[in-house]
Amino acid sequence: MTRLLKIVSCSSLRFFLQMRFLLLFSRQGKLRLQKWFTPLTDREKKKVIRDMMMLVLARPARSCNFLQWRDLKIVYKRYASLYFCAGLEDHDNELLALEVLHRYVELLDKYFGNVCELDIIFNFEKAYFILDEFLMEGEILETSKVAVGVSLEEADTLQETMEEYMSKPAY
Amino acid sequence: MSPSVPLQEMIRAIRSARTQCEERGVIQRECATIRAQFRQADNEGRSHNLAKLLYVHMLGYPAHFGQMECVRMIASPRYSEKRVGYLGAMMLLDEKQDASLLITNSIKNDLANSNQYVQSLALCTLACMGSAEMCRDLAPEINRLLRASNSYIKKKAALCAVHIVRKVQDLGELFAPSARCLLTEKNHGVLHGAVVLITELCECNPESLELVLIRWCQCLVISGYSPDHDVAGISDPFLQVRILRLLRILGHNNEAASDAMNDLLAQVATNTDSTKTVGNAVLYETVLTVLDIKSESGLRVLAVNILGRFLLNNDRNIRYIAMISLQKIVGTDHNAVQRHRGTIVDCLKDQDASVKRRALELSLALVSASNIRSMMKELLSFLSSCPPELRSQTASGIFIAAERYAPSQRWHIDTILHVLTTAGGDVRDETVPNLIQLITNTSELHCYTVHKLYRALHNDISQQPLVQVACWCIGEYGDLLLRGECQEMEPVQVTEDDVLDVLEAVLQSHMSSPSTRGFALTATMKLSTRITENVDRIRSIVSIYGSCIDVELQQRAVEYNALFKKYDHMRYSTEWLGQRFLVFVCSTFVVQSAGLSPPICGFPQVCDLLDLLGGSEPPLQSSPALGSTAPLPVGTAGTAGGDLLDLLGGLEPTAIMTVLLSVFSVAPTVSVYDKDGVTVTLSCEKQSDSGLSITLTASNSTDSDIRGFTLQAAVPKVCISSSFSFQVNLKMRLRISYTSQGSAVQDTVQVDSFPGLGH
Chain G
300 MTRLLKIVSC SSLRFFLQMR FLLLFSRQGK LRLQKWFTPL TDREKKKVIR
350 DMMMLVLARP ARSCNFLQWR DLKIVYKRYA SLYFCAGLED HDNELLALEV
400 LHRYVELLDK YFGNVCELDI IFNFEKAYFI LDEFLMEGEI LETSKVAVGV
450 SLEEADTLQE TMEEYMSKPA Y
Chain Z
9 MSPSVPLQEM IRAIRSARTQ CEERGVIQRE CATIRAQFRQ ADNEGRSHNL
59 AKLLYVHMLG YPAHFGQMEC VRMIASPRYS EKRVGYLGAM MLLDEKQDAS
109 LLITNSIKND LANSNQYVQS LALCTLACMG SAEMCRDLAP EINRLLRASN
159 SYIKKKAALC AVHIVRKVQD LGELFAPSAR CLLTEKNHGV LHGAVVLITE
209 LCECNPESLE LVLIRWCQCL VISGYSPDHD VAGISDPFLQ VRILRLLRIL
259 GHNNEAASDA MNDLLAQVAT NTDSTKTVGN AVLYETVLTV LDIKSESGLR
309 VLAVNILGRF LLNNDRNIRY IAMISLQKIV GTDHNAVQRH RGTIVDCLKD
359 QDASVKRRAL ELSLALVSAS NIRSMMKELL SFLSSCPPEL RSQTASGIFI
409 AAERYAPSQR WHIDTILHVL TTAGGDVRDE TVPNLIQLIT NTSELHCYTV
459 HKLYRALHND ISQQPLVQVA CWCIGEYGDL LLRGECQEME PVQVTEDDVL
509 DVLEAVLQSH MSSPSTRGFA LTATMKLSTR ITENVDRIRS IVSIYGSCID
559 VELQQRAVEY NALFKKYDHM RYSTEWLGQR FLVFVCSTFV VQSAGLSPPI
609 CGFPQVCDLL DLLGGSEPPL QSSPALGSTA PLPVGTAGTA GGDLLDLLGG
659 LEPTAIMTVL LSVFSVAPTV SVYDKDGVTV TLSCEKQSDS GLSITLTASN
709 STDSDIRGFT LQAAVPKVCI SSSFSFQVNL KMRLRISYTS QGSAVQDTVQ
759 VDSFPGLGH
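Protein chains in written order, with my numbering: chain G, 300 to 470; chain Z, 9 to 767.
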């Protein structure tokens, strides 16, 4: 089987899911989280954020969760006061992307206990840590909710242990 | 985990700022503090400071001074600092920044750390912002981790390898063997990463691998209920979808692989529960895979049927993706998609804009000769209620479909008129000349068309394309309108005053564009030859525009006025004025019937051409020409924009045609005028049994521009004894006038010998 996978990959034939970005913003247009899976300049990022807010916030309730923007598919879902918005490549499975967004919300909920927007505002770095345990390079890292929860807990314990070890005053 | 109090205090302070200005003040103060603290070498609250800075960055304020702090924090031995440092690196650094290279070493060290969470931080950051150089440096490390570590690290290393391969394709070979080993893992996370990695590596298909791979996929997909990975009754849908996507690549353009996976795909398609979105996501991926590989026809039908079921689903999202997929296969599996046409057309009435758009595209692709009437009804009703951004697409789609599949001329004209009345502002510019062309060619419907257009104009003069066509038509066929009778519609009495009222309203309306006014003025002028009583009214309308600000309108008005003054006696010579304008067969100087013709120069002299025809001219009566019994119906030839007002008068087309036909065969050229660098050459070509085309080509070889070049030609009506006789004395007189270097030139030339015609 050494012959296997001795393959030359050619970039012209790409079928892959790649989530290009994931944004969280409120109904008032305040950004709460931004994760970029492809390199973009600051200016480009700002443009994307502006466009996404404009497009998504203008949508009436109960409309289709999918949009077309430039050459990307945009999948968005509203949870309470937050919009979760992901940009996908053309060949992607939008229904699965909806599931991915939902899974992320479930993970947040489990971690914070009945998560609301304020949790994400005041603990934004934790939201990132959770995201980094779930998605990487625009792909799903771990498909089991339990496994993600376990690794988060362990990492957090690690943090406290270190701080205690350094004998810093606890806040 | 205890929250970071300093961070939360700052956030609270920022949020309580009531104005943008206040917020900026708070942030500036905080940033100053942070900057000062960064400069201190040893500092306990470093992670808190960086976290604050990252929050400020997310609000949109500049935070580049934190980059070096990130680099320092990453190198720190404390986990909490590393964590925030890496987060900062992912947010503030990207591969374009120089500072990113500085963390390569830290990442390398951390990849070898004994603690898996430290390793995972490094892997995550590398996958997020690793540049090509960093990837090259660290690839061997990643490869090592792929083989010999626990599953937590393996899954992260797999996706990190994916990033490396996406950045530097050549490194794919490095990871190939390790990827193979990963497939034997039980852990779903690792499997998922492995499938992604293999998908990324797979472009050419390894022959014997597929069968093993596919059988492996089969076991995985069907068996194994794992409560951990279950989502609403579907076992690990994320992994299933990933595997299906890998199968898609393996089967693409590969018969053997596609055969091997047929059963598997059929099984997944039939067994997946489709009541929840998750199940539908897996089904959707299955359908995409089936349609992309070389599947057998039964499987394809199954896939299209699944899409058909999706179309009937209550969930809008599902209907939307069904239409996207159907759009992709409408070219190849047209009949299969046609079966669902009814549902697709119903989706046009959906409230949602995205669904409407997809339904429109798909409906336009499904129009065919057999369903054109019913589809057009639906599309027209959609046009009247569709959102504005879709109108122009709908209008052009309707035009294309109508042109291709129109069952009858009348239907075609009706459809175009309907579109113009509903969405006149959104059609493209070439619609007007196209429609005029179409009307001209449908001679039997002139009466019907002019009546219909008159009524439409009467109702609404705001839609410019409609108004332009209507004005042109009224000018052309105004007499049919005034006659009142029409076979296809109920007759309505239209008086000359009514018609002139409408045209005047167009001229005066502020909604009319300059070109529309041009149309209306010309139409008014043309009517002067068709109506009998209100000539004075026309004259007064036209003369008003003699002092119009718009130069084009002014010029036309002045010229028309001159016509009134000098050549009024010609007006009622019914023989030549009653005729329609002919398209003289000389193609070069026929003005396009767009109605946007340039103003005619030397207009008042046009009637002098009748003098040209001098002595050899037989009386101007419509005597039937020999060799052809039925005269051509009046009004067959299209008009030369109406501005070349009856250049040739009542010359029967038949006379000319029979004279010229079958006598000329080949197209030699002869020069008929050559003076001062301006040359005109003539060549004849027999086009068909009853037509001949003479091409006059004018060229300017001087350095300066020639302005206002006018070429007028006249041919006498000739009585001949036999159409095949060569004893024909055909003459042509040409009047050429132009302005060159400020001076006007006018010449008359007589052409006695035509190439190919013997004397």
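Any given hint might turn out to be false.
[Claimed, not checked] Okay, the calculated bits of chain G under chain Z, using three or more residues with CB under 8 Å as the criterion:
1) 413-425
2) 428-436
[As the list claims (entries may be wrong)] For each label pair, taking beta carbons as the anchor points, the in silico distance ranges come out as:
3) Z/I552 x G/L354: 21 to 31 Å
4) G/H390 x Z/S416: 20 to 30 Å
5) G/T337 x Z/N467: 46 to 56 Å
6) Z/R47 x G/V445: 19 to 29 Å
[Claimed, not checked] Simulated pairs of lysine-lysine, DSSO-like, Cα-Cα distance not exceeding 30 Å:
7) G/K346 x G/K444
8) G/K376 x Z/K116
9) Z/K284 x G/K345
10) Z/K104 x G/K344
11) Z/K302 x G/K425
12) Z/K385 x G/K425
13) Z/K194 x G/K444
In short, the hints are calculated from the structure, not lab data. Positions of the beta carbon are idealized from the N, C-alpha and C atoms, including for glycine.
Hints, one by one, checked against the model:
no.	hint	result
1	413-425	holds (count 6)
2	428-436	holds (count 4)
3	Z/I552 x G/L354: 21 to 31 Å	violated, 51 Å
4	G/H390 x Z/S416: 20 to 30 Å	violated, 44 Å
5	G/T337 x Z/N467: 46 to 56 Å	holds, 54 Å
6	Z/R47 x G/V445: 19 to 29 Å	violated, 45 Å
7	G/K346 x G/K444	violated, 34 Å
8	G/K376 x Z/K116	violated, 38 Å
9	Z/K284 x G/K345	violated, 36 Å
10	Z/K104 x G/K344	holds, 14 Å
11	Z/K302 x G/K425	violated, 46 Å
12	Z/K385 x G/K425	violated, 56 Å
13	Z/K194 x G/K444	holds, 17 Å
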